[in-house]
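Now that you have both chains on their own, put them together as the hints suggest.
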Amino acid sequence: MSYAYLFKYIIIGDTGVGKSCLLLQFTDKRFQPVHDLTIGVEFGARMITIDGKQIKLQIWDTAGQEAFRSITRSYYRGAAGALLVYDITRRETFNHLTTWLEDARQHSNSNMVIMLIGNKSDLDSRREVRREEGEAFAREHGLVFMETSAKTAANVEEAFINTAKEIYEKIQEGVFDINNEANGIKIGPQHSPTSPGGLAGNGGQGGAQGGGCC
Amino acid sequence: MISGLQVALKNAIDVIAPPATPLEDFTYHWKQLMNFYVNHLSDRKASIESSGIPRHLDRLLEILLTEEKGEDSPGPCLEYLLQHRLLDLLATLAGAETPPGMRLVCLSFLRKLLGRSKHPLLHHVSVYAPVHRLIALCNGHLASPIEAEEIQFLLTLCFLVCKYPPLTRIVNDASSVHRENSVPKEDTEKIDAQRITYVPARKRNNSNPLFEPLNTQAVMLINPNLFATDSEGKLSHRPERYATDKNTSTQDILDKIPKTTRNTSTRSSGSISLKDVESISESSSPVSQKLPQDPLPVTNQVVSNTNDYGSSSQVPVSMASASYKVENKFQDPTNLRIDSDFASDNNMEYMKEHSKNHTFLEVPPVTENSKCFLVDALISYLNTADNTVRVRACEGIMVLASLDDSAFAHAVSRSDLPTVLSKRLEALYNSIPAHVDPNDVDEVDVTWGLDSPMWTNDNKFPGCRQVAAFFMWLDYCDQLIREAHLEVGEAIAKTITVSFFDKVITPALVDHHVVLITALLTKCLKEISSPLLSTEISHWLVGQHRDPELPNVWTTPILHRLIDNCCTESNDLTLETLKLFEEMIEKRNEHILHCLVLTYLITRGYYDNSAADSAIASWSDEEDEREREKKGTVDLSREQNHSRTLAPTNIHRIINCFLSLVPRQLQTDSDVNNYERYMADWEKQYSTVLTDCALLAWPLEAVTIDDSASSDSRPEADHCSARFYMGPFLTMILDKVSNIPNQRYEINLQLTVVISRLALLPHPYLHEFLLNPLLPLAPGTKSLFACLQRVVKQLVSDVPKTQDYKHILRSTRQRLLENCSQEPVKENILYDSVIITEEFCKELAAIAYVKYHRSM
Ligand SMILES: Nc1nc2c(ncn2[C@@H]2O[C@H](COP(=O)(O)OP(=O)(O)OP(=O)(O)O)[C@@H](O)[C@H]2O)c(=O)[nH]1
Ligand SMILES: [Mg+2]
Chain A
1 MSYAYLFKYI IIGDTGVGKS CLLLQFTDKR FQPVHDLTIG VEFGARMITI DGKQIKLQIW
61 DTAGQEAFRS ITRSYYRGAA GALLVYDITR RETFNHLTTW LEDARQHSNS NMVIMLIGNK
121 SDLDSRREVR REEGEAFARE HGLVFMETSA KTAANVEEAF INTAKEIYEK IQEGVFDINN
181 EANGIKIGPQ HSPTSPGGLA GNGGQGGAQG GGCC
Chain B
1 MISGLQVALK NAIDVIAPPA TPLEDFTYHW KQLMNFYVNH LSDRKASIES SGIPRHLDRL
61 LEILLTEEKG EDSPGPCLEY LLQHRLLDLL ATLAGAETPP GMRLVCLSFL RKLLGRSKHP
121 LLHHVSVYAP VHRLIALCNG HLASPIEAEE IQFLLTLCFL VCKYPPLTRI VNDASSVHRE
181 NSVPKEDTEK IDAQRITYVP ARKRNNSNPL FEPLNTQAVM LINPNLFATD SEGKLSHRPE
241 RYATDKNTST QDILDKIPKT TRNTSTRSSG SISLKDVESI SESSSPVSQK LPQDPLPVTN
301 QVVSNTNDYG SSSQVPVSMA SASYKVENKF QDPTNLRIDS DFASDNNMEY MKEHSKNHTF
361 LEVPPVTENS KCFLVDALIS YLNTADNTVR VRACEGIMVL ASLDDSAFAH AVSRSDLPTV
421 LSKRLEALYN SIPAHVDPND VDEVDVTWGL DSPMWTNDNK FPGCRQVAAF FMWLDYCDQL
481 IREAHLEVGE AIAKTITVSF FDKVITPALV DHHVVLITAL LTKCLKEISS PLLSTEISHW
541 LVGQHRDPEL PNVWTTPILH RLIDNCCTES NDLTLETLKL FEEMIEKRNE HILHCLVLTY
601 LITRGYYDNS AADSAIASWS DEEDEREREK KGTVDLSREQ NHSRTLAPTN IHRIINCFLS
661 LVPRQLQTDS DVNNYERYMA DWEKQYSTVL TDCALLAWPL EAVTIDDSAS SDSRPEADHC
721 SARFYMGPFL TMILDKVSNI PNQRYEINLQ LTVVISRLAL LPHPYLHEFL LNPLLPLAPG
781 TKSLFACLQR VVKQLVSDVP KTQDYKHILR STRQRLLENC SQEPVKENIL YDSVIITEEF
841 CKELAAIAYV KYHRSM
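Here the protein sequences come in this chain order: A and B. Under UniProt numbering, the first residue of the first sequence carries the number 1, and numbering increases by one thereafter. Under UniProt numbering, the first residue of the second sequence carries the number 1, and numbering increases by one thereafter.
Looking at chain B on its own, in the form it has when it is part of the complex (with noise of 0.2 angstroms):
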């Protein structure tokens, strides 16, 4: 136990010491924090802050980031820390939490010693087995108090593989080291403790091949050659071998190995001398002896990864390994007289090249699981209960995944990440309380970085909190799916679909919550933005398949399902469903809406040729098409690239049928041109339709396939045979269009906002069919028109029955429309609709106006 005395004379004369050089200064600061062990053999329990560990620490780094500023190669305190290991020894001490606290002190050490040195470090043996070791001490799943450092250290790990992507395997090549709550046997740390602390000082030796590879760091980064090499040094031609039975080789490898031995582990202290070195290369030469040929860190990660993890109780197994591989390569001076040669090529790009070609020898095959231990790490950490810390996490996640590094992300994408980001989800959405209003899950606007379950005030409602977590969660894969290497982003955005949406989402479709569960379902699709998501899960929702359905043979279970939800008993059902079909039309997805509706108006079934070639003079527009396609013209739209069909030259008579639809008595806006004030609202949304459907490729025109080479010789009954099928969305909503007299008025209102959604699209089909009443339509086709012709039809004998009807109609409105009413009138569905009938029919003549201005 240092007295409190004499840790105040140990400053004392840190003080006076003379002045001394950065690496004397650097070597009596690393044994003064030696001797502590030295001094506490028997007492490991003497705190952190007694010991003067933190304060060594702190010199050592400020003593290594001083020594580099200016200077463009490594100086000697970095060369010593590297070839004295000195890292090991404190990922050891960090692993035995040794005194209680020094785990956090050496991430720390660590972490800001890799983040501001200028050197990237981590290609280093030296550096990157301790860093792995400490990877595997950082464990999410585990309770810690210093998760925040633990996080930090990861997180700074990242930015390096980012700033340095050659590092990327290896620092998520695990082979080096496993996971294992087994601290190191305290006497072997006895023995490090003492060895280390009474190395000498052993002065900077020139010739020693031990310092070559510092002032080569650059190529030692874009070359991981430096770390692959074979006894003869023929550097130049292997990689070509490699890279054609790379696949055959490991196994041949392993097969070669005799079991017995596979694993001669050996113990790798932090101070390895030369003579240590050589006894570690022995160790492992059986191996290489039998297989001169093979390349030799093959075989050394054969070694170490066939070694058995779970029962090994020692820790750097291929340490021995890494560190040979590594000292064979400095102890062959023709390998670095080659590398030296790339460098002062300063051909980056082709080293670039080379280096990518050949980037899987930096790190040599190794069991699946253990190719994203930094991803791993990062992910255990996703589920902690404190929000920055998993933040951050993210955030890592976020920059490894997004790494332009294929055979990395083809890891990544088959770790453990999708699944533990679906789950997430679904814990969080389990998590949502039931009695949560629908109505309130809109309001609910988060992003996962900008938002805080914690800060999100849980008085707007009850429940917000957990709505909101579920919310910034949803995001966050979201982005990261929009940010992530391809392969990445298509196995989340699958396993979020397959697992979450698919497992927990459709069967909750038929639940007793499914009014809330759809109004979820709702957010989460107006939410989604990343297309590989919105494509997944718009193939979720309507179907993979392009081709209409027949009638009644339905093949696409979850449109169903919501079709039937929009017309059960529960208003509330079919409200909530109606916003979320709303939601599906207002993504704009080509493939949504091809299934929804398109793929049935396409071959244009609706409309009746026979009946255009007799009346054609009354349908100017009709005309205009026959002429084009007289002349074999149809390209001729193509270059001027504004629609006829959307812009008929009959407009005017179009708009006349939406307005004078509702006869005058039971009109209640006494100026009937009030159509134009929905203008300008649908003018302004018209403009952002039509950007985000530039690019779907919709045809310009709607005109009838010709088949009329064989149809001008067919009998007429042949060509009208095959009746028109408008597919189950459009049959269903012209169904409750119908229905209009009969249904509450926020189910009709849903119902005309989806209508007007779908017509304000600029597709032909679509706009002629919904919007054209004088189009000439197949017999027994039911049209939007024909619909509420006939619901007007049944208002005008409904209404009038009622004496005072006119009078009712007009409060009715003021209530509706204007939200107050002198007199509280009783709600009544049949004047309701009458007033969402005459407003419906404004809205759709300035729907037709707008898109046929915009298409002059």
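Pulled out of the complex, with its shape left as it was, chain A reads as follows (with noise of 0.2 angstroms):
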């Protein structure tokens, strides 16, 4: 199917705070209630629309387990969004938020869109993590928040489309140079990229593209 843009995601978080849930339920809209937890990387698209243009998602699902961390690492790169996935029953998952974030920081492209998201609002009676922390802690770091239930499937597609519309913005903006690939977002087929044109009208020779101006 052809499709304006391209934008590559990757979930994170730790074990079992419901990130292939999310992915299953924003892909196939269904719910799986036993954990099988994953091995390596899993993957999962999805077209939306915003704008009324028609947007490929490519979902990377990482595993939580520490185990394969040195993967993980891998992964951010080349993403142009991030679902940074807690458990609010579980504080212990909101706690270990830092140190997803500052590895997430330091591996990505600086322009990548994280979200945060509080999964398992259904839960509300187990709940550990107040929704106003995770708010905090969202604008404390610059991202942005939603409460999800994987399995009652509220706010799962809002989280997606919402991360997909910053960055969508982002294009916009000019932040993220969609020429370049290695920020997660490709164009379309139908949109063959126009051609690098040149730096034009940006004034000689300018040395920050490495030259080739003309």
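It is possible that some hints are incorrect.
Stated by the list, open to error - Partial list, derived from the structure: chain A residues whose beta carbon lies under 10 angstroms from chain B:
id, residue
1, L6
2, I39
3, A67
4, A104
5, R139
6, N162
7, K165
8, E181
9, N183
No wet-lab data here; the hints were simulated from the structure. Note that CB positions come from ideal geometry on N, CA and C, so glycine has one too.
Written as structure tokens, this is what we have:
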């Protein structure tokens, strides 16, 4: 299927917080009650529409297990968006966010949009992390925040779509260089990339891009 | 053949059967599963779907997983599974692929069981032995329709190994199995099937020592001694003894074993009762009797090792020895007690220490190749056509390569891994079509995990897919080197450098596709980020020696090849090679910069000491320096942390030199101070450069090494006799600068980019050499500024020869810099050169100012 843009996402967070379930809910609209822990990295894809434009999301669901951290580090690079997930019923998953964030910031490109997700909102009775705490953490670190339930599907669509919107806005603002695929963004096949056309108008043989202004 | 009706009937019976205990339920399903084989002794081709096997296995798994919920110690079903070696039989059936599809089902069953169980399981001989055999079945070299399941199974094992590092050796030691394609003989299998089917479901026997280890799993994991035992049960002091004579003992034992007794391979079947065990013990006992004091596990291992794998058609040779170890162990109550003491101790730290020091005991020494059994299996999938499968294999290898276990890392570093990685890189490189436009190469931005050659839009440019596949692989190698254990990383980096860059790229640099190859090399350099590979590549590029070369004595073949490539007739090659040099500088790799330029400058041979003395009044900077030297307070500069060399007080004079170099009549930019518009950009870049170079331990100030004690007394002539040599690279660059009026615009542009990159580096000697036109130079020393002066001189004499030159220059400027021109102007190297010289001078001024500003 043709699309205007393709965004690459990764989902990160401690084991058992519901990363795979979020992906499954988003791509297949179903819930998986058994914890089949992810070994390695799983892949999913779906088409969404933003601003009347078809956008393809390619999503990599990483393993939360410590043992696979070396692989996860490889996947940060070249992702346009990340869903950083914790489990509102397990405080330690919230406490680990700082480490996750550091890891992500260190290994990803600086423009990567990170969405903080407090999952399992359906289990309100067992809640250990208040919503306000999530909000505060997100504010402090400049993330978008949302509570979701992979079980009831509450906010799941929104989480993925809002992340895409954020990326889309960044593209409109020119923050993302869409010609550089290292950013995790591709232009769809029918929108054949306009030839870089030179750094016309930015005056002179700008050293920045290593020359080649003409 | 079970008819559809029969299946339906059976299903119905399953459903209406009265509730049973989990164990009854478990054994029921197991027997049902086995019944298939009894009923189909002659017909093995019945489809797996009609066999009901998958369904029974699912139930078995379900029962096992339910059983461990809430229970910390293993339940009776798990014990049954271990005790009766059900997995052994499954592995045999998987090996025989009976019925067709059995392998897939077994792999999936085991993967789920191992992955989901909260018990480590893998350290049990009745688990790891069949697991070894299943690993041996997973071979990516043979096309297999169930590749995906195979790799998922292997990846699960990787995961377990990471989760429980002591399992590393158990899983990777292939001594208990060998990769073989021979399928077990049918008749033995029949017997297997019969035996297993009719094993009476025995009641759990608490006094049976077989059950003990299940309760002390944790101990078994961290205390591998549990596997190693001698009949005397003296556990406590043995490890130390092993540690010391580990190297010799194996050989000793080998020597002592008479050839005839070396292999008494006993066919071990799925179900082993105690009686079986005893007979197995007997079969290996000749060895142990011979060497009563020697470590049994080692001898056993040796026995199975020396067995000729290639010709043996019997499967689990060392199953016997392996089981013997364990059984023997279990029969010795003393050992168990000691081990449970360990457990009750709960002193994890101590136990970790303990196991760390003696982990080799887990798996006795085996032949070199088999130490990476799991790694080898994963490696076999690296060249598979299925990208998903390959990426998974890559993941598994990365996980194993990064294990913090130096003995294992050593084994991996000596495995096939480095060669296979490098060979694949070479193959992908060779598949890149020669017609790929070198300019397109840089556009390819891929990572190994997030991209797939299949998704690569080949419309982008022809050959894009192949280029992408190559760089994905390079990215994987680079990331693997970065994440891997140091020893593994080093081995891979070395192999790739030697086998790929040196063996393949080096000769290609004179090839007729050298332009494309240079572009690929530039991109490689750009993408490589792991320190180990960067170091290796830097050595390959500029050589390992750090001393300056003598003029005309070339010791670094690649560097000189590149420099030669800059000086050929081919503009494309010159351009591409200059881009490579730009990248080499941009890497800000200490070694590359040192060998390329710095080693020639740090003696400050370009500087004229005597001139400084006489002309001191005009160079406030030099004055400052002389003051510093007089006071002998060179360290003072260290404290202030700001370089005076980079921030000379006469900065305005310096900037003026650059800005007024091109005379008014040739200037096309009305606003001379326009150099400021370059500033913001350089400012930003300089911040990055400063951060990158902060750790390079470069000196702060350019000072003449004080050999004055003798130089005062020395005659002046002597002092200047050693002529300054700026090295082959700078010589080439300055030659090119002198040649600006005769070179194409693209070349000149790239040349100025390279020089700007160099000039931006916060190295005091390099700085003053390139950016201080007021520096007194030793006689006969070329400098950037002097070269530019000569260029301008030539331009001034040549350009005005044309009447309308001012107008032409203006439109040339428009064409080049504003990228638009009303009237098409014909390219003219001479006019182009005027523009580029003018702009280059402004850039140099901007850089000088930016550096000044930041060093204030
Ligand atoms: N009630 C409830 N349970 C959830 C929700 N999301 C996930 N779970 C459960 O949490 C467990 C773990 O979910 P997974 O999605 O497999 O966890 P994961 O983050 O992918 O874990 P790893 O793959 O090990 O990193 C499963 O048992 C899910 O059923 C949710 O929104 N509500
Ligand atoms: Mg998961």
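Hint check results:
1. L6: holds, 9 angstroms
2. I39: At about 5 angstroms, which falls below the 10 angstroms cut-off, the nearest Cβ of chain B leaves the hint on A:I39 intact, so it holds.
3. A67: holds, 3 angstroms
4. A104: The hint is violated - A:A104 has no Cβ within 10 angstroms of chain B, the shortest such distance being about 14 angstroms.
5. R139: violated, 28 angstroms
6. N162: violated, 21 angstroms
7. K165: At about 21 angstroms, which exceeds the 10 angstroms cut-off, the nearest Cβ of chain B leaves the hint on A:K165 violated.
8. E181: For A:E181, the interface hint holds, since the closest Cβ of chain B sits about 4 angstroms away, which is under 10 angstroms.
9. N183: holds, 8 angstroms
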